[in-house]
Amino acid sequence: MKKTIHSILRHAVLLLLAVVWLIPILWLFVTSFSGYKGINTSHFFPETWTLDNYAQLFLRSDSIVQYNKWFLNTLVIAIFTCVISTILVLMVSYTMSKLRFPGRKTLMSFSIILNMFPGVLSMIAIYFILKTFNLTNSHIGMIIVYSAGAGLGFLICKGFMDTISVSLSEAARLEGASEAKIFWKIIIPLSKPIIVYTVISSFLIPWGDFVFAKLMLNSGIATDWTVAIGLFNMLGKSMIAKYFSVFCAGGVVISVPISILFLIMQKFYVEGITGGSVKG
Amino acid sequence: MKKKVLATLLATAMTVGCLTGCGGGAAEAPAAEAPAAEAPAAEEPAADAPAAEEAPAVEAPAAAAEGTDPIANLIAATTGTVTLKVWASEEDQDLTTKLLDEFKAAYPDVTFDITLGAESESTAKDTVLTDVEAAADVYAFADDQINELVKAGALQEVVANYTFDVVNENVTGAVEAAAVDGKVYAYPMTADNGYFMFYDSSVFSESDVQSLEKMVEVAGAAGKKIAMDISNGWYIYAFFQGAGLELTLNDDGLTNTCAWNSPGGTDVAQAILDLTASNVLVDMNDEDMAVQIAEGNVAACVNGTWRAETAAEAWGENYAATKLPTFNAGGKDYQMSSYSGYKMIGVNPHSANVGWAMLLAEFLTNEAAQTARFEARGLGPANLAAASSDAVQANPAISALAAQAAYATPQRVGGNFWSPAETLGQILASGNPDGTDLQELLDTTVEGITAPVE
Amino acid sequence: MFTRPLFEGRWFVFRRDLFAENDFGMEVHMKKALNAIGDYFKNFGIAFVKGDVWVKLTAVVMGAGYFGRKQVVNGLIMLLVEALFAVLCVGFAAPNLAKFGTLGTVQFEQVFDPLTMTSTVNDYDNSFLILLNSIIALFIIFVFVLFWIANMKAVYRLQIQKENGEHINTFKEDVQALFNEKFHITLLTLPAIGIVIMNILPILVLVAVAFTNYDQQHMPPSALFTWVGWSNFKSLFTDSVTVTFGYSFKKVLTWTLEWAVLATFTTYIGGILLAKFINNKKTKLPKMWRTLFIIAIAVPQFVTLLLVRNFFADSGIVNTFCANIGLTDFLKNVGLVSANLSYIPFLTNPGWAKVMIVIINIWVGIPYQMLIATGVLMNIPEDQIESARIDGANPLQIFVKITMPYMLFITGPSLITDFVKNINNFNVIYLLTQDVYVTSDQLLANSNAKEIDLLVTWLFRLTNEYYNYKMASVIGIVVFIICAAFTLITFTRTIKGDKEEEYQ
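Residue numbers (the working numbering), protein chains in the order written: chain W, 248 to 527; chain C, 30 to 483; chain A, 87 to 590.
Derived by calculation from the structure, the hints in this document are not laboratory data.
Please read all numbers here as calculations on a predicted model, not as lab measurements.
Glycine included, every Cβ here is placed at the ideal spot set by N, Cα and C.
Treat the hints with care, since some could be wrong.
Stated by the list, open to error - Covered stretches of chain W, as calculated for chain C (at least 3 residues, CB under 8 Å):
#, stretch
1, 257-267
2, 377-387
3, 414-425
4, 484-491
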């Protein structure tokens, strides 16, 4: 009997917490179906229900809402970003984990310190560097922004590779395989969890960043934007009263694929991050 | 002082008019006819010089005396596609698209590649100043930004008019607001960016809205709120300027002189404290105001034409607007002042096609365009002819603005004004929680406002 | 990298063993580095002095040493590199570096001719581009010098090899080496170029900007800016009424550190507790519960934060609700809400906003920490817990004595990096308070800061709204120094020993 009460209590607490965590998300979801375009402040649930906000996103593109275009832009940028970042991260982590060369540790410490510089500040300099190459207002520029520095984020991946037993590569080396071949044939296949993690996490970057995107894509032309700028723009002073529920609909739409990816990644995330340490 | 500026302006405009020899002539011809005049010149492309001289001789004798017509010159000199980038606010996209098409149609012999981007007038400065060279060739902005834009070299001086007389066909206030140091830098587009009082006439009578104290009393009895964004330099200015405490921009165009802490200042601060203490006059930002009006909690608010739609919707036939009321400070009634506000269109001096950009800016702000803008969005025209139409006169919000105009001043402040003034408003509206001595409070505010630009 | 912390600070989780081998023992490190640099130049000197005519010629004609040893392709490549460098020097570096001392003298001027409707612009100087290009040029020169030295040594090595009658690599063999013993060079080149462009050059530029008067009065292209020495650093530490940067800096720094501690520990502890709760054997359907919490973070952060800001707005839905159930009035009576407000100032009053920001950050952060903690907890050595239980330890004791130390051991470094990420946590503060929060501290207002500002959000506002690049750069450098110092100190203190090789 006492056990049942305990169990009920335990699940009640969990339920309460889950509700707290999900209320804002639920609000996002129901508001996306609201017939009233502004912020409804007196009712949690909309008074009139409609699919119009979604229709406005996908079917009625105008100079403010170009959701299809934003989605496509972001998707293209995200795909290139994740491919390039993953390659860069793998290159650096393999080098730092498996190869031995003079200056390796110094390089690693240096890169950790480099990572501490507040990125918000380097924005303007990066902007002008890319402008010199005429890469502002271009999606290629955005891909460079999101992926070029990826090499610095090698630590998690390196940590994972450290746990791959060195005997495998030793054996291969004895058989005369080159370092490049060991990298391709042995390390990469064994690093699957961390690769999946790196791919997905770099894929998600363009979907969430608006500060850099807003600076770089400054033509004011809505068809150039990414989802994040477009949605951020909808909450501007002059827009919010007419676009809040459209913003919510847009938020729901990008959350669906991202949630799915996230749930897939979750497994590899935990595995990749804790995989090595638990063995130690 | 103001008259002096205006006189200089007029003189400049007249000189320019004489120089180009076109100002007067074109001003009489509506914009739509202008292209007709240019058509012959354009038909014979740059091949021979006389073409440019003959064309104006037909339509504009005045120009013949000077021997040339700039627009014809420009068309003749234009080879290849004219690429222009235009920024208009999100709400103005449809109308601007239409106007751009008309502009292209007006010059059929020139190939245009005009792209239209969305950039809110209130934030244009932020985007433009980050990288002036990458900003649009023609962009809309609110007149409060003109000083910083001119300082940053982001506005082309309007040295000449081609299709109409910008200085004389717009209301004086708008032209003054478009000028810095006596030089005109922008084309007035609307004259409705100031603020005034909206109210629900089922709550307040016409005599109630003459005095803020009376309004607070009436609204308190009715259980409604009066909203004003007190924690915002733009609005709190109404009290201090109303009481005759001046805030002016220094000649350097960046720093301020402010008299808010001079004798009488504490009375104004006390008045704001008293008014907000009742919790009837509440400090509320613009977005919240929109919500609260719609919810029916707010029965009057100090705001601008951009809220007219919300108010009209919520209050129906009781929707009314008028000048700002008086307020009592130190036993004396003062009429609240306000900032007059205008929206402008500016031309980027870094544009590769400055000439075409100027023509386009004129086209987007001429009488026809301003009338269209009023009809489409209810924005008050700056153009005299457009503003005198019956429809404009009958608009409650715009006539309230006109009534307030006598007490309004153009917005000329340096960047250091905003944060300290905003904070002063925040402290007063929250009832001065730390109990700081009012004189001390104002002294610190003024020190911040008048601080040298760092 | 910039975008990652912006996107989601918590994605970087470092494990203890990652750092174990980083060996931040400063003295050892410095000594090693100094020795390395010493050797570097010594070897170069030897190469230069003892080299034969080919080696000496290499100092001028970089390919010479290779031609002398019949490595034609190598020689051509070196010549090409040298030629390219020469072109860069003349065409790019020289014109920019010539103006580096003044950062330009010719002001922008534009003349518009009303008759032809065309404008002419003079050949003006753009201070920022001069600064940027000069730094790029200096960087290229620096890299070239290193390359030149390395080349000298390589050529000398060839000489030795030849003298000793050793085998000299053919070009093909050299290329093959890049996939074997020199594989690290191949792998690191591309990432390094990216890091130089995205991290190193911008940092160098901004360090330089901190010594100029680049602000709204001196904004290129229309105006010029120039060097001013240390004066910006002085104003950061000055306290006067008109220049309140010193005052604001102290306030903002204090809150930044408070925030970083609070944000890090609340989410860390909360995450562990939640994970324990869910993973407990008595909890049914642990997977479902975990998923429910993860949904909250799967929605992009900027969407949820903007949403939550409106959720808690002064006239937002939470306030309506609180007013309806009488909570607002209750709080007024208690004195937590000022009497002349009709709402709870969740994000508009300094005290409330700080608390709310921390709470919302808990909301955002706990699911991440829960995920990590879940992974770690699943691997806790069961035998230890069992034996403790047999010894009669209660669950709390087990948690404090076994679980927590284990967690700390594994995730200690991640805690430290989380702390640093929180110092730079731009998203939460900016998205929750931008356009909403008005400061009521006049001295802060006078330097455009707010009570809830972190150093990063303050410097973002300084650049984005006030174009005060010089002060923003100074603040940026200070943040950088704080973070770097903190990391170095904590890592040296907490981590000893080199464990990397244990796995290998």
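Hint by hint, here is what the structure shows:
no. : hint    : result
1   : 257-267 : violated (count 0)
2   : 377-387 : holds (count 3)
3   : 414-425 : violated (count 0)
4   : 484-491 : holds (count 5)
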